[in-house]
Amino acid sequence: MGIIDNINKLFDHRIRLGIMSILVVNEDVNFNRLKELLGVTDGNLASHLKALEQADYIKIEKSFINRKPNTVYSCTKLGRDEFKLHIEALEKIINK
Amino acid sequence: MDEKNYLKDISEIKNLMNQSSRFISLSGLSGIFAGAYALLGAAIAYIYIFPAQQQYVTLHSRDFKMLLLLLALVAILSIVTAVILTTRTAKKNNEKIWDGTSRRLLINFLVPLLTGGAYILIKLNSQHYGLTAALMLIFYGLALVNASKYTIGNVKYLGYAQIILGLICAAMPGYGLWFWALGFGVLHIIYGSLMYFQENKT
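Protein sequences appear in the order of chains H and F.
Using this note's numbering, you'd call the opening residue of the first sequence number 1 and step up by one each time.
Using this note's numbering, you'd call the opening residue of the second sequence number 1 and step up by one each time.
Take these hints with a grain of salt, some might be off.
[Stated by the list, open to error] The list that follows gives simulated cross-link-like pairs (lysine-lysine, BS3-like), each with its CA atoms no further than 27 Å apart: (1) H:K50 with F:K8; (2) H:K35 with F:K156; (3) H:K35 with F:K201; (4) F:K149 with H:K59; (5) H:K59 with F:K14; (6) H:K77 with F:K149.
Because the hints were derived from the structure by calculation, they are not lab data.
Just chain H, with the same shape it has in the complex (with noise of 0.2 Å):
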């Protein structure tokens, strides 16, 4: 066991490791963006997206700019720390 504890089942899975990934190194980005960099439909991102919330990986803020909504994506202190550890156990098996 001890390496395999800290891969994050929420991670294993490209579209939100992606999410993430961009999430930790930009204040905040919005949806548009984000489908843009990943390059995934409308539907996945948002589904992806929601599961990362529930976890309190992210969070979002709905705002509007010119009457259009625009909805921001930020990580949260505990997204970063369980996606810091990910990225630890990932290095550990690779170099195991």
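Got chain H; can you put chain F on it based on the hints?
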């Protein structure tokens, strides 16, 4: 998942981090052009405007105004060239020229640069023009170092070189034009060429 998949994960994480936070389409060619404009400007200043025999340039003289005009011209030409070439590279890289990443790059570049510019103008207004070249080099260098976090390549080192040159320039009064030409002209051309070859290699 096996080891290979984890490796792929890591490289994808790295790519997304860079792509989402760094603007990659700055063109090396624009550095070469900026350097050439600067050298040309310095040559014109040396031949036509600079007073002979260590005379001082006074603030309201025609020469001084010509010097400012020349400086503005070099700056405008460099910026226009950079915008055109960068737009072209961005198109090639499928990168948007104006998005969160490039906006952040620009803001981080402009804050030290405009601070320096304002400071120089304030100093000029109170007849302190001895350190103008040094200050320009130093603040430009700081702007580059600050902006380098949001782009790839070695802009940082160009920044350090400009800062060092600016400090030496400050310690050696009277050679401002030479240091200015060295920093804004020669260093830009060297750096631009290095970038350009790197771009074409990959």
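>> Next pair to validate is H:K35 with F:K156; report whether the Cα-Cα distance is within 27 Å.
In response: Status violated; Cα separation ~31 Å.
> Regarding the pair H:K35 and F:K201, is the alpha-carbon distance no greater than 27 Å?
Replying inline: Violated. H:K35 to F:K201 sits at ~31 Å, over the 27 Å cutoff.
> Do the alpha carbons of H:K59 and F:K14 lie within 27 Å of each other, as the hint requires?
Replying inline: 22 Å, holds
> Are the Cα atoms of F:K149 and H:K59 separated by 27 Å or less?
Replying inline: 25 Å, holds
>> Tell me if the straight-line CA distance from H:K50 to F:K8 falls inside 27 Å.
In response: 25 Å, holds
> Is H:K77 within 27 Å of F:K149, Cα to Cα?
Replying inline: 22 Å, holds
The earlier numbered hints that this structure contradicts are 2, 3.
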